[in-house]
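The chain contents come next:
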Amino acid sequence: MARAGKRHAAGWAVANVVVVAYALFPVWWIAALSFKDPTTLTDGNFVPVKWTWDNYRGIFETAEFTRALVNSIGIALIATVIAVALGTMAAYAVARLRFPGKRLLIGLSLLIAMFPPISLVSPLFDIERALGLFDTWPGLILPYMTFSLPLAIYTLSAFFREIPWDLEKAAKVDGATPAQAFRLVIAPLAAPGVFTTAILVFIFCWNDFLFAISLTSTQSARTVPAAIAFFTGSSQFQQPAGSIAAAAMVITVPIIVFVLLFQRRIVAGLTSGAVKG
Amino acid sequence: MPGAAAAARLSAGARQERRLGWLLCAPAVLVMAAVTAYPIGYAVYLSLQRYDLRFPDRAEFVGLGNYAAVLSSPFWWEAFGVTLFITVVSVTVELVLGMALAMVMHRTVLGRGTVRTAVLVPYGIVTVVAAFSWQYAWTPGTGYLAALLPAGEAPLTEQWPALGLIILAEVWKTTPFMALLLLAGLALVPEETLRAAMVDGAGGWQRFVRVTLPLMKPAVLVALLFRTLDAFRVFDSVFVLTAGAHGTGSVSILGYDNLFTALNLGIGSAVSVLIFLCVALIAFAFVRLFGAAAPGSGEGGR
Amino acid sequence: MAEIVLEGITKRYPDGAVAVRDVDLTVADGEFVILVGPSGCGKSTTLNMIAGLEDISEGTLRIGGQVVNDKAPKDRDIAMVFQSYALYPHMSVRENMGFALRLAKTDKAVIREKVEEAARILDLTEHLDRRPANLSGGQRQRVAMGRALVRAPKAFLMDEPLSNLDAKLRVQMRTQISRLQQRLGTTTVYVTHDQTEAMTLGDRVVVMRGGVVQQVGTPQHLYDQPRNLFVAGFIGSPAMNFLHATLEEGLLRTAVGDLPVDAGLRGRLERADAPRDLIVGLRPEAFEDAALVDPDLPGARFTATVDVVESLGSDVYAHFTEEGWEPATSADLAELAADSGTAEAGGGGHQIITRLGTTTRVREGGRAELYVDTSGMHVFDPRSGANLTRREAAADGR
Chain A
0 MARAGKRHAA GWAVANVVVV AYALFPVWWI AALSFKDPTT LTDGNFVPVK
50 WTWDNYRGIF ETAEFTRALV NSIGIALIAT VIAVALGTMA AYAVARLRFP
100 GKRLLIGLSL LIAMFPPISL VSPLFDIERA LGLFDTWPGL ILPYMTFSLP
150 LAIYTLSAFF REIPWDLEKA AKVDGATPAQ AFRLVIAPLA APGVFTTAIL
200 VFIFCWNDFL FAISLTSTQS ARTVPAAIAF FTGSSQFQQP AGSIAAAAMV
250 ITVPIIVFVL LFQRRIVAGL TSGAVKG
Chain B
0 MPGAAAAARL SAGARQERRL GWLLCAPAVL VMAAVTAYPI GYAVYLSLQR
50 YDLRFPDRAE FVGLGNYAAV LSSPFWWEAF GVTLFITVVS VTVELVLGMA
100 LAMVMHRTVL GRGTVRTAVL VPYGIVTVVA AFSWQYAWTP GTGYLAALLP
150 AGEAPLTEQW PALGLIILAE VWKTTPFMAL LLLAGLALVP EETLRAAMVD
200 GAGGWQRFVR VTLPLMKPAV LVALLFRTLD AFRVFDSVFV LTAGAHGTGS
250 VSILGYDNLF TALNLGIGSA VSVLIFLCVA LIAFAFVRLF GAAAPGSGEG
300 GR
Chain C
0 MAEIVLEGIT KRYPDGAVAV RDVDLTVADG EFVILVGPSG CGKSTTLNMI
50 AGLEDISEGT LRIGGQVVND KAPKDRDIAM VFQSYALYPH MSVRENMGFA
100 LRLAKTDKAV IREKVEEAAR ILDLTEHLDR RPANLSGGQR QRVAMGRALV
150 RAPKAFLMDE PLSNLDAKLR VQMRTQISRL QQRLGTTTVY VTHDQTEAMT
200 LGDRVVVMRG GVVQQVGTPQ HLYDQPRNLF VAGFIGSPAM NFLHATLEEG
250 LLRTAVGDLP VDAGLRGRLE RADAPRDLIV GLRPEAFEDA ALVDPDLPGA
300 RFTATVDVVE SLGSDVYAHF TEEGWEPATS ADLAELAADS GTAEAGGGGH
350 QIITRLGTTT RVREGGRAEL YVDTSGMHVF DPRSGANLTR REAAADGR
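Protein chains in written order, with numbering that gives the first Met the number 0: chain A, 0 to 276; chain B, 0 to 301; chain C, 0 to 397.
Derived by calculation from the structure, the hints in this document are not laboratory data. By construction, the Cβ of each residue, glycine as well, lies at the ideal position given by its N, Cα and C atoms. It is possible that some hints are incorrect.
Here are some, though not all, of the chain B residues that point toward chain A, as calculated from beta-carbon distances under 8 Å [stated by the list, open to error]: (1) 42; (2) 251; (3) 258; (4) 264.
Label-pair restraints from in silico Cβ distances [stated by the list, open to error]: (5) C/257 - B/194: 16 to 26 Å; (6) B/205 - A/45: 40 to 50 Å; (7) A/182 - C/124: 27 to 37 Å; (8) A/129 - B/68: 16 to 26 Å; (9) A/163 - B/68: 52 to 62 Å; (10) C/122 - A/179: 27 to 37 Å; (11) A/131 - B/262: 13 to 23 Å; (12) A/163 - B/287: 32 to 42 Å; (13) A/49 - B/201: 57 to 67 Å.
Computed list of lysine to aspartate or glutamate pairs in DMTMM-like fashion (alpha-carbon distance at most 20 Å, straight line) [claimed, not checked]: (14) C/153 - C/193; (15) C/104 - C/74; (16) C/113 - C/128; (17) C/70 - A/167; (18) C/107 - C/94; (19) C/70 - B/16.
Required output: the full structure, derived from the provided sequences and hints.
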């Protein structure tokens, strides 16, 4: 019995190792590339032979990358704040209030969750050029917040639904207006859910590529994923692979740290909306 | 008319609640409508025009001409076939792998946290970054994986190997998400029910097929629906890995190329609308055929 | 403090279902009124309408002389204790209790003073700075009470406030609530499904069923003079025994023998045009071990098999059964049985539950002779459920 148990445990341990390796392989490879000296870049070695920070130094010297990094952070942050704010309001209404038109809202956000972004690229390209939004921050913030709103509304309303109804009734009887009930009772309880949602939305915005390459044309609003795709390297004679890898690491590491720090919440957030609906 | 009477008798509280509900939803609805409904309508309008960005003055109404051009073009059908292939294969593999992963996460006791954390890494990574990693890995010269292949092989320049690698990149990136959704579904299966099945004489496989799967069917369907729609929109990985060359372009790539390479807004919009219709059809089929509980449909009445 | 007046209060949902129908009730200033009934009888809906948490479809609600139908809960100046307590988990006990005053923009020092006074009354002083999650069930319940107390509102509304406590604590809190209410003299409406709570707590009890008020009265009045089968069966524990009876030659023929009908009752039965088939209701205490009773006492006597004997020390409850006893049937009784879950329990045969003197020598499985005191007997019409024995129909509502 004990031996079977041990063999069992060993089996799970192997499975765990396989899973971890599976998850980390490409990350390691891009990290390895980013530390490779230009002379060994093409050696195909799994571990760098000559370590160097040059690739990082190189990209931070070019405005192409630093400007894109600022764009990425700024655009994703603003889109996250707006999407979470609007999503919180709508999710509260969906989870807590009775009003006609609720089904319509749920249907609309479901529709957008399934919407193929490419379908919007052509018309948005034309509309934004006409409105002067093309190649600006707002030009990217708008589609980002729109496409993350359904995510925000679902996740948040799932969190809101877990707050017991009676609390709001109690607040009302205690003399609160519906708005006060929201601000003083529900909002503080919902804060963890809001925070989780913000992480998910930020990752979503941070990850986008299609809008970033379609709705920008210069450095003024191009985000890192798009900039990477247009990298030419810090010097003409250098293969851009090292720069691309370094830039990739710069936008990957903070997200991974974030994900690791808040993994429990992220798992809860990712699954709550989908399973409980 | 009890309805009218009730409406007339709505107390201050209910009226306040109703107004607050509308007020709270209004900004979200306005944004969503302005950024999606209006452009998609505009896309339909554009798709009925001959509208070449190089010759903006020659724009004119051509009816369904653009659609005829797209649907009679081999490029559309190739892209459509490629997209369908990528979607079906990657979602199938993801489902199987994701289920296995979910089981590992559900059952394992030791190092549970490590596995969960590791699994979130692909989710957190920017798709483009992952795609570059795969690209370099498979490109002769920079790649460790390409080095394992016979000399002279460049998998990303041949249709089938390239498609396989695109699917690999997609599967790597999204299996964790699938696994997490399935894990949440697994958690809905009561341990006691499984014990009861064990006492009733069901083996491991029977328990999985006859108890676990039916009980987590809603979670599976929701995960499948979301992943299918997501896979059908595949763009980032294809763009980075092959840029759609060698017969690997998805419909999204086709739409993008029509707009930015051919600079043809009319045709590009027609492609956009067609993709939108495909996605709507898939979603409809899921809900109809499998009765997938669309998230949110359950609470509509509340 | 105020009087609460319900006039023709009706709750109708958009789908047409009626949860509460035409309730008339006046809760006097300082009175403690209990709404009781099986689940789904509309008692909680009625309470929520008084609180303003649900709309009133028809009728008028007055609190302290003011019509409040259209007022939001916050403008009604009432405090409510919820079944789940509904304590704010992110606030300390002190903040929970002071929340309403804070919303009312009361001076901070005053809030502090009032909260501390309420905490003293409820023995919560040492817990004031803890979070609800760190309190026991009984303490949470007291915080919920405290939250209502500090406001000195026009009325207290309580929605099954004790049902989440264990049996012993529930009895303790029951006395405490009763004492508090008497001391403060605040008008209180209390909802429960537990008839024992209803009987022990209230000045008056309102029995509801299917959204309709069945009877209003003091606990003793409801016990002695139930207006119909439903109230008779709902109030009292163990419940009243119901026997099928036929009226023949001035006698009620039942499974336990012929029961005499006195002149007054006979007159009322004739006036009411009573049907031949009737239901006789006898409380457990109407029976006694015949060996302990003076043989000359008027009443009926019968012999039956002793099924179960439950000795509680102060009382002995003996369950009797006999071949051929047929249960009384009516819609009302079926509903009561469904509510208490006894319909399924079944177990074959009809039983009579009796309360006997502690000196009784009946033994399980043996046979015993029982005496029936018919002076407290009730006779019901099985079709309407009406009690045909009631002397004063006008005694309802005090």
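Structure-based check of all given hints:
A distance limit of 8 Å between C-beta atoms decides the matter here; for residue 42 of chain B the minimum to chain A is near 4 Å, and the interface restraint holds. The beta carbon of residue 251 of chain B is positioned within 8 Å of a beta carbon in chain A (closest approach about 4 Å), and the interface hint is therefore held. The criterion of a C-beta within 8 Å of any C-beta in chain A is met by residue 258 of chain B, whose closest approach is roughly 5 Å, and the hint holds. Annotation: residue 264 of chain B was flagged as interfacial toward chain A, and the flag holds, the nearest CB pair being 6 Å apart, inside 8 Å.
The hinted window of 16 to 26 Å between residue 257 of chain C and residue 194 of chain B is violated, with their beta carbons roughly 59 Å apart. With their beta carbons about 43 Å apart, residue 205 of chain B and residue 45 of chain A fall inside the hinted range of 40 to 50 Å. For the pair residue 182 of chain A and residue 124 of chain C, the supplied restraint of 27 to 37 Å holds, since their beta-carbon distance comes to about 30 Å. A beta carbon spacing of about 25 Å between residue 129 of chain A and residue 68 of chain B agrees with the range 16 to 26 Å that was offered as a hint.
Here the CB-CB span from residue 163 of chain A to residue 68 of chain B is close to 58 Å, well matched to the stated 52 to 62 Å. Our hint of 27 to 37 Å for residue 122 of chain C and residue 179 of chain A holds, since their Cβ atoms are close to 30 Å apart. Between residue 131 of chain A and residue 262 of chain B, the C-beta spacing of about 20 Å keeps the proposed range 13 to 23 Å intact. As the Cβ distance of residue 163 of chain A to residue 287 of chain B is approximately 36 Å, the hint placing it in 32 to 42 Å holds.
In this structure, residue 49 of chain A and residue 201 of chain B meet the distance hint of 57 to 67 Å, their C-beta atoms being roughly 58 Å apart. Simply put, residue 153 of chain C and residue 193 of chain C have alpha-carbon atoms about 26 Å apart, too far for the 20 Å limit, and the pair is violated. Note on residue 104 of chain C and residue 74 of chain C: the hinted pairing holds, with a Cα-Cα distance of about 14 Å set against a maximum of 20 Å. For the hint pairing residue 113 of chain C with residue 128 of chain C, the CA-to-CA distance comes to about 15 Å; that is within 20 Å, so the pair holds.
Our distance criterion of 20 Å between C-alpha atoms is met by residue 70 of chain C and residue 167 of chain A, whose separation comes to about 17 Å. Using a Cα cut-off of 20 Å, the hinted pair residue 107 of chain C and residue 94 of chain C holds, with the two alpha carbons roughly 11 Å apart. For the proposed pair residue 70 of chain C and residue 16 of chain B, the alpha carbon gap of about 13 Å is at most 20 Å, so the pair holds.
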